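J.: Turn these sequences into a full structure, and let the hints guide you.
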Amino acid sequence: MRDEQPVKRRDPRAGTRVLLTFAAVGALLAALLMGPDRTVPGRPAAAPGASPPSSPSSQPSTDTTTTPPPDPCAVKAAALPLRERLAQTLMVGVNPSGPEEALGLVRDERVGGIFIGGDHTGLLAGGLDAVHGAAPVPPVVAVDDEGGRVQRVDQLDGSIPSARRMAETMSPAEVRVLAARRGAALRARGVTMDLAPVLDTSAQPDDAVIGDRSFSADPAVAREYAQAFAEGLRESGVTPVLKHFPGHGNTSGDSHRGAVTSPPLDELRGTDLAPYRDIGRYGPAAVMVGHIDVPGLTGGRPATLSSEAYALLRGEFGFAGPVMTDDLGAMRAVTDLVDLPEAVRLALASGADLALWSSGGRTGEVLDHLEAAVASGSLPATRVDEAARRVLAMKGAC
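Residues in the sequence shown are numbered from 1 upward in steps of one, following the working numbering.
Simulated from the structure, these hints should not be mistaken for laboratory data. Predicted model only: the values in this text are computed from it and were never measured.
Simulated restraints, written as ranges between beta carbons of each label pair:
1) D119 / R83: 29 to 37 Å
2) G396 / G318: 20 to 28 Å
3) D119 / P161: 14 to 22 Å
List of simulated lysine to aspartate or glutamate pairs, EDC-like, C-alpha gap at most 16 Å:
4) K76 / E386
5) K395 / D71
6) K76 / D385
Don't be surprised by glycine CBs; every beta carbon is placed ideally from N, CA and C.
T.: This is the structure we're talking about:
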């Protein structure tokens with residue numbers, strides 16, 4: 001006879017546990033399927049208009065890209081009253097015999113820069129200390145000391161050769177040393193900018209408008225020596241100015257005496273414009289635009305008053321630094337066309353950052369005219385802001 005196995009009794013609590021488990025799972029599924037606006041027991045109803053709870057996919061982005069800090073020069077320019085912003089775009093000639101006129105311009109009119117020309121040396125023989133001390137914003141103090149027939153401190157610090165003579169008798173390394181010594185002498189006297197070197201290519205006689213002011217008729221030689229001169233100045237703390245864009249070395253005349261025309265633009269690219277290629281090799285510098293009518297570019301106007309000329313420099317040649325004009329007040333290529341205040345407005349509106357006139361005076365009249373031009377829209381405020389920012393950056397005033 002087979003042994004009988006005991007019968008297992010069913011625990012009544014097991015069914016209860018199973019039912020409770022199914023109920024819990026069902027409640028969880030129901031909660032997941034409900035929309036965010038549905039009320040779930042144990043959870044307060046969402047307020048009207050409230051955002052749904054965040055899900056992992058809607059968490060804030062972990063992108064670490066940050067907004068670049070604001071340009072301090074743009075901030076400083078924007079903080080200046082309009083008239084002072086406009087004044088920063090002006091470089092005005094002063095009496096070189098003493099500091100009185102210069103003091104008034106930097107202290108009262110607050111111009112961006114002063115230009116010291118002529119043969120008197122009083123201002124350069126100790127008078128600039130007071131000028132620098134009086135200016136709320138550091139001024140540019142400029143001279144045109146190229147060497148040869150264009151010098152300003154030869155009576156104080158000795159003469160240097162013309163550009164053509166340098167290229168004929170010196171190596172680029174020697175020119176760099178000469179320019180560094182000259183720059184140090186200028187800086188010690190309070191000068192911060194030298195309107196040199198000349199990049200024009202010219203085979204003209206020595207005494208022609210450019211002539212021996214050009215290093216060479218060969219663009220490669222002109223560029224090599226101009227670069228050496230610019231580097232020497234910069235090493236001594238003086239800002240070099242590359243001139244005269246788009247090229248004065250092969251023009252029909254002298255812009256001091258009247259209108260001048262260069263060869264057509266396509267031809268100019270192989271001569272006077274060639275030294276501006278790869279302009280970054282000169283290091284930090286300014287560029288001076290000349291009063292040159294370029295067929296195929298300026299439409300019969302001097303380049304200083306032509307937006308196309310500035311666009312060429314900024315675009316094709318990639319120059320991002322400060323651009324200044326040649327003399328707007330004492331050169332007939334401009335003065336025969338338009339009066340000084342309007343010449344300054346046209347130059348700034350066309351793309352200049354610093355408008356130069358060597359004759360001095362009329363600063364208040366020019367500023368009045370520019371303020372009215374901004375109000376009328378004929379000189380865009382954005383153009384003024386851009387120019388003032390570049391001038392402040394060049395001066396290290398930010």
